[in-house]
Amino acid sequence: MDENGLRQLIGEVKRGRVTRRQFMQRMVGLGLTAPLAAQMLAYSGIAQAQAKSAYKPTKRGGGGALKVLWWQGATLLNPHFAVGTKDQEGSRIFYEPLAAWDPDGNLVPILAAEIPSIQNGGLAADGKSVTWKLKKGVQWHDGKPFTADDVVFNWEYSSDPATATVTIGSYQDIKVEKLDSHTVRVRFSKPTPFWADAFVSTRGMIIPKHLFETYKGGKSREAPTNLKPIGTGPYKFVDFKPGDMVRGQINTAYHEPNRPYFDTIEMKGGGDAVSAARAVMQTGEFDYAWNVQVEDEILLRMEKDGRGRADIVAGGNIEFIAVNSTDPWTEVDGERSSAKTKHPLLSDPAVRDALNLLVDRQAVQDHIYGRTGVATRNFLNNPERFRSKNTNWEFSVEKANQALEAAGWKRGSDGIRAKDGRKLKFVFQTSINAPRQKTQAIIKQACQKAGIELELKAVTASVFFSSDVGNPDTYTKFYCDLEMYTTTMTQPDPQVFMDQFCSWQIATKENKWQGRNISRWRSDEYDKAWRAAENELDPVKRAALFMRMNDLAIEARAVIPVVFRPRVSAVSNKLRAPLSGWDIDFWLLKDWYREA
Amino acid sequence: MGRYVLRRLLIALPSLIGISIVLFAVLALAPGDPFEELATNPNVPAEVRANLRAKFGLDDPVALRYVRWSAAMMNGDWGFSFVSRIDVDQLILQRLPVTLFVIGSSQVLALLIALPIGVYAATRPYSLFDQIANTFAFIGFSLPTFFTGILFILVFSIQLDWLPFVYRSDIAETGWRWWWEHGKQALMPIAVLGLFQGASWTRYVRSAVLDVIRLDYVTTARSKGLGEIAVVVKHVVRNALIPVVTLVALQMPAIFGGAIVTEQIFRVPGIGSLLISSILANDTPVIMAVTFVFSCLVILFNLLADLLYGWLDPRISYS
Amino acid sequence: MAGSTLASPTASVAPRAAYRVSPGAEAWRRFRRHRLALAGALILALIVLAVALGPLLWSVPINDIDFAAKLQRPSWGHPLGTDDLGQDLLARMLYGGRISIAVGLAAMVIAVVVGTIVGAAAGMSRGAVDAALMWLTDLFLSLPQLPLLLLIIYLFRDALKALVGTEAGMFILIVAVIGGFRWMPVARLVRAQFLSLREKEFVEAARALGATPLRQVVRHILPNSLGPVIVAGTIDVANAIIAESTLSFLGLGFPPDIPTWGRLLFDAKDLLDIAPHWALFPGAAIFLTVLSINYIGDGLRDALDPRKVM
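Listed in order, the protein sequences are those of chains B, Z and F.
Take the first sequence: its letters are residues 1 to 596, numbered as in the numbering used here.
Take the second sequence: its letters are residues 1 to 319, numbered as in the numbering used here.
Take the third sequence: its letters are residues 1 to 310, numbered as in the numbering used here.
Wrong hints could be hidden among the right ones.
Here are some of the chain B residues that sit facing chain F, going by a computed Cβ distance under 8 angstroms [said to hold, decoys possible]:
1. Ile-298
2. Arg-301
3. Gln-437
Lysine to any residue pairs mimicking SDA-like chemistry, simulated, CA-CA at most 25 angstroms apart [as the list claims (entries may be wrong)]:
4. B/Lys-304 x F/His-277
5. B/Lys-425 x F/Asp-64
6. F/Lys-70 x B/Lys-228
7. Z/Lys-184 x B/Thr-264
8. B/Lys-228 x Z/Gly-76
9. B/Lys-219 x Z/Leu-64
10. F/Lys-70 x B/Arg-309
11. F/Lys-269 x Z/Leu-187
12. B/Lys-509 x Z/Asp-60
13. B/Lys-304 x F/Arg-73
14. F/Lys-200 x Z/Ser-317
15. F/Lys-200 x Z/Asp-313
16. F/Lys-200 x Z/Leu-304
17. B/Lys-228 x Z/Glu-47
18. F/Lys-161 x B/Leu-345
19. F/Lys-269 x B/Gly-306
20. B/Lys-216 x Z/Glu-47
21. B/Lys-574 x Z/Trp-162
22. Z/Lys-184 x B/Asp-272
23. F/Lys-70 x B/Arg-301
24. B/Lys-425 x F/Ile-62
25. B/Lys-219 x Z/Arg-65
26. F/Lys-70 x B/Leu-456
27. B/Lys-509 x Z/Leu-52
28. F/Lys-269 x B/Thr-283
29. B/Lys-509 x Z/Leu-29
30. B/Lys-219 x Z/Ala-50
To spell it out: a stretch of chain Z is covered by chain F in this simulated footprint if at least three of its residues, at any positions, have a beta carbon under 8 angstroms from a beta carbon of chain F; those stretches are [stated by the list, open to error]:
31. 16 to 23
32. 199 to 207
33. 233 to 246
34. 263 to 271
35. 299 to 309
For the record, the hints were derived by calculation from the structure and aren't laboratory data.
Idealized CB from N, CA, C, for every residue including glycine.
Please put together the full structure from these sequences, using the hints given.
In structure tokens:
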């Protein structure tokens with residue numbers, strides 16, 4: 001589908017012939033994200049329907065204890081230093097951002113009075129500024145009022161390189177100014193289509209100025225509030241043991257009526273995913289467990305016990321196989337997999353096509369991931385139900401054999417295909433993780449049938465995902481032919497996600513392998529499209545550009561997507577916990593309650 | 001003996017320093033990066049990561065980092081965790097009580113199992129009791145703790161629903177209920193660890209007693225008319241205790257950082273789980289502090305064991 | 001006089017040849033009479049034969065993925081059942097058993113030999129040598145295993161791969177690493193035994209007769225201190241088999257598709273309530289191996305103990 005097709009579809013939504021929900025599903029089916037789709041509709045003037053809240057309790061408190069289990073425990077509680085989602089979730093119990101993303105990709109105001117849009121004047125037409133109106137009457141846990149000064153302070157705190165926050169990427173290129181006690185304006189240096197980054201969701205939790213202002217810059221680690229958070233959130237801080245447990249109690253002065261429901265919250269950390277699922281679904285010791293990366297087989301069995309269920313929420317994460325465009329076995333200037341080389345075997349498109357045909361996604365989905373991994377062909381996610389013309393994936397050993405045969409790869413006496421004296425032998429690496437090892441085994445068997453030999457390698461996760469310059473086994477070094485892992489979409493907007501194929505992001509020795517283009521594939525057309533999308537304010541045009549980029553990367557087989565990974569949580573049957581795939585689990589913690 | 005103790009204590013200090021140098025070198029050279037999670041996060045620019053590394057002194061040469069670390073240690077500053085941004089001694093102190101309670105009790109349980117059973121089995125070698133005890137001992141130490149832990153959870157938590165299996169260090173009850181709840185949740189980890197340890201110790205005790213029980217002085221004691229129990233307790237056990245003392249001394253430091261698997265399965269917030277999560281996250285200050293305390297304990301307990309040998313067997317001399 | 005009077009006129013006068021039995025033959029004879037030890041030796045021999053020849057006789061491939069046969073109980077086609085990818089467990093156990101047993105025995109031998117030598121040397125000498133060796137022992141006891149493992153594997157993996165090939169290199173590395181972390185308890189135990197035995201009368205007697213320290217050690221002290229060594233050896237075998245699986249779980253051992261017994265146990269642990277057979281068989285195999293080695297150890301100890309009358 002191209003830009004015109006998109007505009008036509010939007011027209012149908014305007015006329016009421018296609019519902020908003022159907023439109024969203026269609027867009028996700030084409031490989032776009034729900035937030036982007038929501039933006040498209042908003043831009044075309046289709047008002048967002050006010051989501052009806054499903055929150056039932058009619059008074060604050062009285063719900064008893066909420067016990068949740070995170071098998072990676074939070075290790076710090078300052079959102080600006082959060083390493084990974086565990087710290088973000090821990091912080092989110094106490095701190096709140098201006099807005100958060102709901103499961104349909106719409107922005108929901110939390111500390112903001114309303115969501116800025118073109119209609120209400122919040123968004124400037126030239127895309128260079130956003131005006132946020134803050135909610136009135138919000139207090140910090142120590143009673144002081146929440147004002148625009150706090151928002152401006154967060155920008156100063158995070159954009160200062162001496163503070164060394166991890167959220168700096170969202171704050172260093174903007175200017176924030178206070179317009180009055182409850183209004184701020186964010187200015188961008190150039191037109192920015194994705195304006196909902198600063199102060200939104202995980203990167204936008206607001207910390208109080210009056211407690212942190214003496215600890216900016218180099219003194220940031222000394223702030224006592226780092227360990228005893230004072231925020232605006234539904235629960236107040238009680239106790240924290242890093243890596244083990246976070247405890248909170250009800251905030252009786254919370255800025256929304258009848259919330260929160262629970263009197264105390266306890267977030268326990270540690271252990272593994274399987275026992276976390278058991279603790280919720282079989283023994284009922286806990287009400288909720290995060291990210292139960294467990295085989296569906298086991299989850300289904302646990303659900304039968306009737307105490308809890310597995311909640312599956314679609315997001316943007318994708319498990320895929322990166323195909324090395326360079327040669328990992330030749331060293332050039334002290335660097336293997338150098339951008340100056342070309343892979344002798346994998347540069348043959350027939351080999352890439354064959355590999356794509358040899359990944360049995362259906363089996364991976366059915367027997368390994370189940371509901372937790374849906375077969376996909378797109379890099380930007382794609383639920384299986386919706387296939388459009390250019391989204392076909394197939395598993396066929398015969399076709400792979402034919403393709404290789406036609407390209408001149410003949411079987412040798414050992415069954416392995418070869419051409420010009422070169423055998424089709426690849427090293428295939430991934431991190432230690434039971435489903436991944438099983439996926440490797442399945443692919444290896446299929447490849448054997450087509451005359452390709454795979455040597456499997458599994459690297460411990462803390463080494464595989466590290467950026468250690470001296471270690472040859474990291475995923476960025478890619479010192480092998482194929483590797484598989486999940487790339488997470490940390491923001492609802494695909495811009496940053498899609499820079500993984502830009503030529504300036506190629507990981508090289510020079511940039512200490514910090515570049516995000518791991519497969520080292522390059523294409524001028526892709527680069528052009530990405531740059532165009534960076535500045536394009538019309539979401540429909542932008543969406544069309546992203547779809548084109550997706551198709552370019554997929555057709556060239558720079559990567560072979562396997563399954564898209566929704567988030568799976570174990571939830572007790574009586575607990576009502578609204579979850580969103582575009583934000584963290586606690587995005588709407590204030591609305592969690594238990595049915596009687 | 002006094003001079004021996006003095007000499008050993010004097011040697012302890014340089015040997016500790018030597019060990020700390022080797023430890024530090026190993027950690028500095030081992031692959032891995034404390035900020036790896038940031039590496040996969042596209043929103044963290046490379047300069048921030050570089051900044052963080054410089055801030056924590058990760059780019060300095062190893063020798064310099066060692067000197068800095070040892071100077072800080074001697075001043076009582078045990079370092080600052082990269083991962084938790086909290087002082088390391090605070091981290092350790094938070095976990096110490098639970099560790100001592102759960103892991104300490106399991107060692108006591110192991111001893112309580114091993115001594116009586118091992119001694120009794122040795123006094124009646126190859127009898128039915130001995131065979132059964134041996135079989136259970138073999139099963140006990142051939143099955144790894146991750147396996148028995150899960151088995152216990154399946155049986156006692158899931159099937160029978162008697163015991164909770166997630167250890168919570170803060171229980172909101174008071175009075176006897178607090179003890180009851182604490183006991184219920186601590187029972188399985190203590191049992192898993194204690195049984196595993198007890199299984200191998202039973203074998204050692206049995207072997208040690210067997211070595212002694214056929215010696216002449218035991219026969220002499222019996223022929224003097226002493227009751228069997230008196231013979232066993234006063235003559236046999238004391239002499240058989242030397243290997244047992246060795247083992248217990250070897251095992252004591254493991255309380256402080258050894259029971260990794262059990263702590264993981266039952267989510268006991270002990271020092272073992274702190275150590276393993278720090279190792280996996282490459283949080284060097286924490287690893288250094290914990291292993292340093294560990295090595296102090298190793299040296300201390302081995303010294304105590306050597307002293308005890310002298311008391312148990314007066315003929316042993318060190319001069 | 002009475003001795004030279006023959007019992008009957010036809011009896012031969014020539015003296016019978018002296019009947020000499022070497023200590024080794026004597027020990028073997030005593031071992032043979034120890035029923036449990038023989039049983040243990042038989043079981044171990046059977047296990048070793050099974051894993052050595054089994055794959056030649058049972059030709060089902062170990063990595064034949066067949067989802068239709070997932071997690072099946074034992075049946076004629078699959079005598080030990082299948083795992084969650086439908087692979088045959090009997091074939092996997094026979095194949096992985098080679099590695100498990102080889103690693104278990106080799107690591108145990110290294111731990112026992114190194115530990116005994118260090119412990120004996122420390123126990124026999126006093127002062128500086130004892131102090132130095134004990135310092136070394138304390139050092140190894142204090143080292144955190146995981147970072148050290150990562151470091152060693154990272155440093156030596158490629159060199160060994162170039163020297164002896166991937167699998168042999170991995171094997172050497174794993175055995176060295178597992179054995180290298182288990183010699184310390186043996187050393188401490190042996191040293192303690194030596195300290196005590198050194199002062200006993202029979203050793204003093206040997207010294208008075210002019211025995212060199214080496215002879216004292218080898219012929220007198222060592223045989224009497226073997227008790228804890230044998231126990232340690234048997235426990236180390238179980239330990240080594242499990243440790244190999246822990247290593248592979250951390251990515252430092254054999255590749256994850258190699259079905260060693262420890263690995264099978266580890267893979268099966270989450271599906272224990274659904275498919276107990278998957279864990280039962282490797283667990284039983286480890287148990288039997290340990291059992292047999294233990295009984296052999298008991299037999300050895302009894303055979304070498306001069307005070308026991310058999």
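Is the hinted pair B/Lys-219 and Z/Leu-64 satisfied, with a Cα-Cα distance of at most 25 angstroms?
holds (23 angstroms)
Given the hinted pair F/Lys-70 and B/Lys-228, is their alpha-carbon gap at most 25 angstroms?
violated (50 angstroms)
Straight-line alpha-carbon gap F/Lys-70 to B/Leu-456, limit 25 angstroms
Judged against 25 angstroms, a Cα distance of about 22 angstroms means the pair holds.
Would the pair B/Lys-228 and Z/Gly-76 pass a check requiring their Cα atoms to be no farther apart than 25 angstroms?
Cα-Cα ~24 angstroms, so holds.
Close enough to count: is the Cβ of B/Arg-301 nearer than 8 angstroms to one in chain F?
holds (6 angstroms)
Given a cut of 8 angstroms on the nearest C-beta pair, is the interface hint for B/Ile-298 held or broken against chain F?
Because about 6 angstroms separates B/Ile-298 from the closest Cβ in chain F, which is inside the 8 angstroms limit, the hint holds.
Is the Cα-Cα distance between F/Lys-200 and Z/Asp-313 25 angstroms or less?
Status holds; Cα separation ~11 angstroms.
Take the C-alpha atoms of F/Lys-269 and B/Thr-283, compute the straight-line distance between them, and say whether it is at most 25 angstroms.
holds (18 angstroms)
Hinted pair, alpha-carbon criterion (25 angstroms max): B/Lys-216, Z/Glu-47. Please report holds or violated.
holds (18 angstroms)
Test coverage of the region 199 to 207 of chain Z by chain F using CB-CB distances below 8 angstroms; three residues minimum.
holds (count 4)
Are the Cα atoms of B/Lys-304 and F/Arg-73 separated by 25 angstroms or less?
This hinted pair holds, its Cα atoms lying about 21 angstroms apart.
Assess, step by step, whether the Cα of Z/Lys-184 is no farther than 25 angstroms from the Cα of B/Asp-272, and give holds or violated.
holds (21 angstroms)
Violated hints, in rising order: 6, 17, 34; the structure is consistent with all others.
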